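Now for the letters of each chain:
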Amino acid sequence: SQQGEEDPQALSIQEGENATMNCSYKTSINNLQWYRQNSGRGLVHLILIRSNEREKHSGRLRVTLDTSKKSSSLLITASRAADTASYFCATDVSGTYKYIFGTGTRLKVLA
Amino acid sequence: DARVTQTPRHKVTEMGQEVTMRCQPILGHNTVFWYRQTMMQGLELLAYFRNRAPLDDSGMPKDRFSAEMPDATLATLKIQPSEPRDSAVYFCASGSGTSGDTQYFGPGTRLTVL
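So the sequences go chain by chain: X and B. Each residue of the first sequence is one higher than the one before, starting from 1 at the first, in the numbering used here. Each residue of the second sequence is one higher than the one before, starting from 1001 at the first, in the numbering used here.
Where hints are given, some of them may not hold.
Said to hold, decoys possible - List of simulated lysine-lysine pairs, DSBU-like, C-alpha gap at most 35 Å: (1) Lys-70/X / Lys-26/X; (2) Lys-70/X / Lys-108/X; (3) Lys-56/X / Lys-69/X; (4) Lys-70/X / Lys-1062/B; (5) Lys-108/X / Lys-69/X; (6) Lys-26/X / Lys-1078/B; (7) Lys-108/X / Lys-1011/B; (8) Lys-26/X / Lys-1062/B; (9) Lys-26/X / Lys-108/X.
Think of the hints as simulated: they come from the structure by calculation, not from any bench. No experiment lies behind these values; they were computed from the predicted model shown.
Here chain X stands alone, though its shape is the one from the complex (with noise of 0.2 Å):
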């Protein structure tokens, strides 16, 4: 299948320490998403990436691309504890409307 990995599955640390997640994915892509999701909660899109793009910011958010690796990576900037949630790569379908999400990362930040 298209699904992405993230890497790590699980991730804790200190409030205020920089949180970087990975995502890796199959085939070629017109665009790239991130999203959390909060323990119970739906899913909500944070950033978004073309692949004609290597980097974005937005916030503390900062996202790389890197299509001859077909991979990606979210970092977070001075984390607080109301980052904790899991965070997705979503990858589109060439020709199609529709994104395959990845396994997702567990982000725990402790105050």
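Here the structure of chain X is known, so what remains is to put chain B in place on it, guided by the hints.
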């Protein structure tokens, strides 16, 4: 504040019973997606619609699952008969149907089949 709504939020039923989950997409959105989330399988796409027409339901067990959009404000997912392995959280999401579309997720229906 536009959001996707789903009902019921929780459902406990016995094996063999019919289950119907409902979703109201954001007004004006023309793509609707149904996902299932479990610890083992993660987030799986079951089916999706564009302009109320089903475009892909390849992720759905055809013998027991069915998805429909009776109108632009309602999407339904039915399971008949339900089985314990159907226990999961079912999410509906909607989007505006453009390239690089953001999907807006509902809160989910947590289904437990005993």
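A quick look at each hint next to the structure:
The suggested pairing of Lys-70/X with Lys-26/X holds, with an alpha-carbon distance near 7 Å, which does not exceed 35 Å. With a CA separation close to 26 Å, the supplied pair Lys-70/X and Lys-108/X stays within the 35 Å bound. Between the alpha carbons of Lys-56/X and Lys-69/X the distance comes to roughly 17 Å, so the proposed pair stays at or under 35 Å and holds. The hinted pair formed by Lys-70/X and Lys-1062/B meets the criterion: a straight-line CA distance of about 33 Å does not exceed 35 Å.
At roughly 27 Å between alpha-carbon atoms, Lys-108/X and Lys-69/X fall within 35 Å of each other, so this suggested pair holds. Taking the CA atoms of Lys-26/X and Lys-1078/B, the gap is near 32 Å; set against the 35 Å cutoff, the hint holds. Only pairs whose Cα atoms come within 35 Å are accepted, and Lys-108/X paired with Lys-1011/B is accepted, the gap being roughly 29 Å. The straight-line distance between the Cα atoms of Lys-26/X and Lys-1062/B is roughly 27 Å, inside the 35 Å bound, and the hint therefore holds.
Pair hint Lys-26/X plus Lys-108/X holds up; C-alpha atoms about 27 Å apart against a cutoff of 35 Å.
Against the hints set out earlier in the document, no violation occurs for any number.
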